[in-house]
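Undergrad: What follows is each chain in one-letter form.
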Amino acid sequence: MSAPPTTLTPSKPAAGQRAAPLRPYRLPGSGDSRAISILTLGALLVLWWLATHLGWVKPLFLPTPEAVLHAFGDAMRGHTQGDIALPEHVLISVARVLGAFLLAVLTAVPVGLAMGTSRIARGVADPLIEFYRPLPPLAYLPLIVIWFGIGESAKVLLIYLACFAPLAMAAKAGARGVALEQVNAAYALGASRWQVIRLVVFPAALPEILTGMRIAVGFGWTTLVAAEMVAASSGLGQMVLNASNFLRTDIVVMGIIIIGALAYAFDGLMRMLERRLTPWRGRV
Amino acid sequence: MLEIEQVTVEYQPRHGPATLALQDISLKVVPGEFVVVLGASGCGKTTLLNTVAGFLAPTRGAIRLDGNLVQGPGRERGVVFQRHALMPWLDVLGNVEFGLRLQHVPRDARRQIALECLHQVGLTQAAHRPVYELSGGMQQRVGLARALATAPAVMLLDEPLGALDAFTREALQITLLELWRDSTRIFVFITHDVEEALFLSTRLLIMAPGPGRVIHEFDVPFSRRFAAQGNARAIKAAPDFIAMRERMLDLVRHSAAGGLQ
Chain A
1 MSAPPTTLTP SKPAAGQRAA PLRPYRLPGS GDSRAISILT LGALLVLWWL ATHLGWVKPL
61 FLPTPEAVLH AFGDAMRGHT QGDIALPEHV LISVARVLGA FLLAVLTAVP VGLAMGTSRI
121 ARGVADPLIE FYRPLPPLAY LPLIVIWFGI GESAKVLLIY LACFAPLAMA AKAGARGVAL
181 EQVNAAYALG ASRWQVIRLV VFPAALPEIL TGMRIAVGFG WTTLVAAEMV AASSGLGQMV
241 LNASNFLRTD IVVMGIIIIG ALAYAFDGLM RMLERRLTPW RGRV
Chain B
1001 MLEIEQVTVE YQPRHGPATL ALQDISLKVV PGEFVVVLGA SGCGKTTLLN TVAGFLAPTR
1061 GAIRLDGNLV QGPGRERGVV FQRHALMPWL DVLGNVEFGL RLQHVPRDAR RQIALECLHQ
1121 VGLTQAAHRP VYELSGGMQQ RVGLARALAT APAVMLLDEP LGALDAFTRE ALQITLLELW
1181 RDSTRIFVFI THDVEEALFL STRLLIMAPG PGRVIHEFDV PFSRRFAAQG NARAIKAAPD
1241 FIAMRERMLD LVRHSAAGGL Q
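Residue numbers (the working numbering), protein chains in the order written: chain A, 1 to 284; chain B, 1001 to 1261.
Errors might be hidden in some of the hints.
Derived CB-CB ranges, DEER-like [as the list claims (entries may be wrong)]:
| # | chain 1 | residue 1 | chain 2 | residue 2 | range |
| --- | --- | --- | --- | --- | --- |
| 1 | B | Tyr-1132 | A | Arg-77 | 46 to 54 angstroms |
| 2 | B | Arg-1129 | A | Gly-42 | 22 to 30 angstroms |
| 3 | A | Arg-283 | B | Ala-1109 | 27 to 35 angstroms |
| 4 | B | Tyr-1132 | A | Val-124 | 35 to 43 angstroms |
| 5 | B | Ala-1062 | A | Met-272 | 36 to 44 angstroms |
| 6 | A | Arg-26 | B | Gly-1072 | 49 to 57 angstroms |
| 7 | B | Asp-1219 | A | Ser-192 | 38 to 46 angstroms |
None of these hints come from the bench; they were simulated from the model. Using N, Cα and C, we set each Cβ at its ideal position, and we do this for glycine too.
If we strip away everything but chain B, and leave its shape as in the complex, we get (with noise of 0.2 angstroms):
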């Protein structure tokens, strides 16, 4: 279970008063839940993300992974990032094998682990391949596989498919489905796109900014519903779906808005 307890985070630039990039944000996840965070930008979703990774300290309150205090980062909360951040001067194989490497598993055992993530993902095609040559979409699978090759109990992805084009994008967004379906990882997954927001989730948490906030919180059936049933494009055509999907882009709206005033 992750645990996030009253977090807080506290920018104090060198001058001026400090700003408050979260306030006081709770959050009990079980395993097997999809957690979306939606909201503007500027409204500390990353901040949020970034403290559960471990690159940032909150200022107060604590974050636990099934009860161990989180310090830093680990290799138990795998992360994805908004840009690719893969290692150029490897190839594809080289890149999802990086963490093992550093875990000094031996050769053959990690390429194995690493070919079966590269399956996973729709990549094994690609393994050799070096990564500055695959398209955007391709290196985020990737990124993604690298992730899994650790095997963490939460993955954790920055706006991961922000930068692709749309048929990419819900392709990605399938194999992000089948990857958590098949497992009873926690996935946490930012995000501004209302669509995808309500496509990924189980539980959507919308946030404001000034301070970043939770101000509201769903559970969404529609990630349960692919699970069982497939057909991506039906579920985002049905009425329930596109009635949700007009209902948050409003609540998103008026918070940012509500964040400027």
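For reference, chain A alone in the conformation it holds in the complex (with noise of 0.2 angstroms):
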């Protein structure tokens, strides 16, 4: 059977129609966001400085954001307690929050991809850090203190409990979230186990674990001011700490500032290396 044969004439473009401008389509929230940011911050600042120059609050509860960089000046020079410059507070803090932020992804990394891929190392591993894992810092740091002295030990291991929990979390749900197909594509090309954990599994999981990394040295930081509440003499928590004893309100906002802008400067460059690493995300 064949169809009757059909001519097909090219249909004339409409002529004469004149288009409309064209406003561009646009998901709801998409475009930049940072000139918002720098505004908000900015009056933010305004607010603060008229708050405390018209009399709103009372020095003692909300310093001048002059005090606040005259405590800065200072605490460059070392005129605070205990006579530390604030660059050796800083750098001792960084240290502190990076070297057990660094054990951490040593450590937790491996445990997550092994829990991701092994029945018996989820079973074993997945109560511990479970019950471990929503429980506050300070809860525990007693404890850590008995054990472990209140020495440099102590203060790197509460920071680093704190940062293991979430990326030992992220490497298994991304060694779990890896595509059958992928694993099986290696297996097909003649992969052993072991390599496709190696080959396949980590670099599948590497999004999520980039990600696990970027919540836990926010944690980190989080966990410093507890931890450096143990007998420290030196570290931006213990400086803030030492400052509230002295009812210091000039130096504890400053020293919160920094605390905020390292943190967030960390965040950032964890940012620029998840696009380093993995470009391919959230386009396959």
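Quick one: dock chain against chain with the hints and give me the complex.
TA: Here is the structure:
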């Protein structure tokens, strides 16, 4: 059976119609928000200046921006309690957070990958991590002090524990989320189990691991002050706590801003690392 | 030779009776054959391919390749997947080299083999591009080259062209037939597209669901015709091709309806 022949005539384009100016279609929430963020910060600064200079808030509760700046200058020159200059506080705190974080990356990522790829590893580690993960670090701090004393190791351990759980969980979730087809493809090409874990599961989990690293380094900074509450003689957390004992609100505010700025800078670094190491993220 | 001997696959759900995904499938394929398994979705054709690939163990029966019992996936059986399943962290060349890397083939040798395979699928110019930037058709070409790189005796293709547009699809069909023509490799190809099945196969199996089984088997001349004279359009427009296409369509339709009863 064949259909009767039909002739196809090209239809003429409609002439004389002028298109209305197009408004680009955009998803809700798309576009650059940086300028708005800078404006918000500026407005907050102005509000702060007004609130302190017009006497809305007493300087004891909220010092003026100039006082905080002054405290910063003093601290840089070492005029704080304990006579330790600010750069040294910063350095020791960064070393604690970074050291604990790196230790956590080196241990939690293999543990998480093992949990994602082995029933036994998951059975062993899951209840332990899920149990301690929601505990506030301050709750087990006394125990750590009793076990490890008040030296550097107790501080690093506390931050390490805070970093470990989110990292292990991220690595586990990443390993479990690997596409079955990618694993099958590797097996069909002759891969051993270990090769599949090393060459497929690990890189497939990398985007999640990097997200976990971002969260973990944030937790590290959150835990810093708690860690430096224990008989520390230096560090940003110690500086803030010490200043609060003397009602030096200007130093407290200055310390908070520095901790926040450092954490923000680290987050930016991590995001840069994400773009560098996992450019395929969100595109497959 | 690839031998499928009375293969039965049962799925046992946690509750309820077992379902027969495949019942008593037997098949012998000699080198140089292009076997296409055609059927509506749910007829067990992917299950059949997965058992040959070794991803799935048959409940009963056995699969042998050149006398050796298949007991899991292996590089003598290359697989091309429906979704390409490439590794986005590797570039095109890295993906094609992957199987050779697993065997610890030295860098220069594997680069040479990979480039040769890319040449065979017409992708030499994309060697250093990231795979996630490629079009669907190019990604499937990379998938093909990756499977070819380890020089398998059997190529297993699970609806590899299902997600492609008609033009890309035909271009890849031609690439596939050229690959088949230039070697003695066995091809086993799964599809639900009747025209594709007719054009590619030397032997065509039609499967029906409930339980999954082969209900018809045909020898098909069109792929050999293409190997001899080229011109895919002329072959697909030939009266005998169209007549056979309509007949197959009827058979598949009836088999699918039978499975619903």
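Undergrad: Please go over all the hints and tell whether each is borne out by the structure.
TA: Here is what the structure says about each hint:
1. The supplied range of 46 to 54 angstroms is met by B/Tyr-1132 and A/Arg-77, whose beta-carbon atoms lie about 53 angstroms from each other.
2. In this structure the supplied range 22 to 30 angstroms is violated for B/Arg-1129 paired with A/Gly-42, their Cβ-Cβ distance being about 44 angstroms.
3. Between A/Arg-283 and B/Ala-1109 the C-beta distance comes to about 32 angstroms, which sits within the given range of 27 to 35 angstroms.
4. Against the hinted window of 35 to 43 angstroms, the Cβ-Cβ separation of B/Tyr-1132 and A/Val-124 comes to about 36 angstroms, which satisfies the hint.
5. A C-beta distance of roughly 54 angstroms is found between B/Ala-1062 and A/Met-272, which places it outside the suggested range of 36 to 44 angstroms.
6. Distance hint for A/Arg-26 and B/Gly-1072: a CB-CB separation of about 50 angstroms, consistent with the stated range 49 to 57 angstroms.
7. At about 40 angstroms, the CB distance of B/Asp-1219 to A/Ser-192 agrees with the hint of 38 to 46 angstroms.
Violated hints, listed in ascending order, are 2, 5; each of the other numbered hints is respected by the structure.
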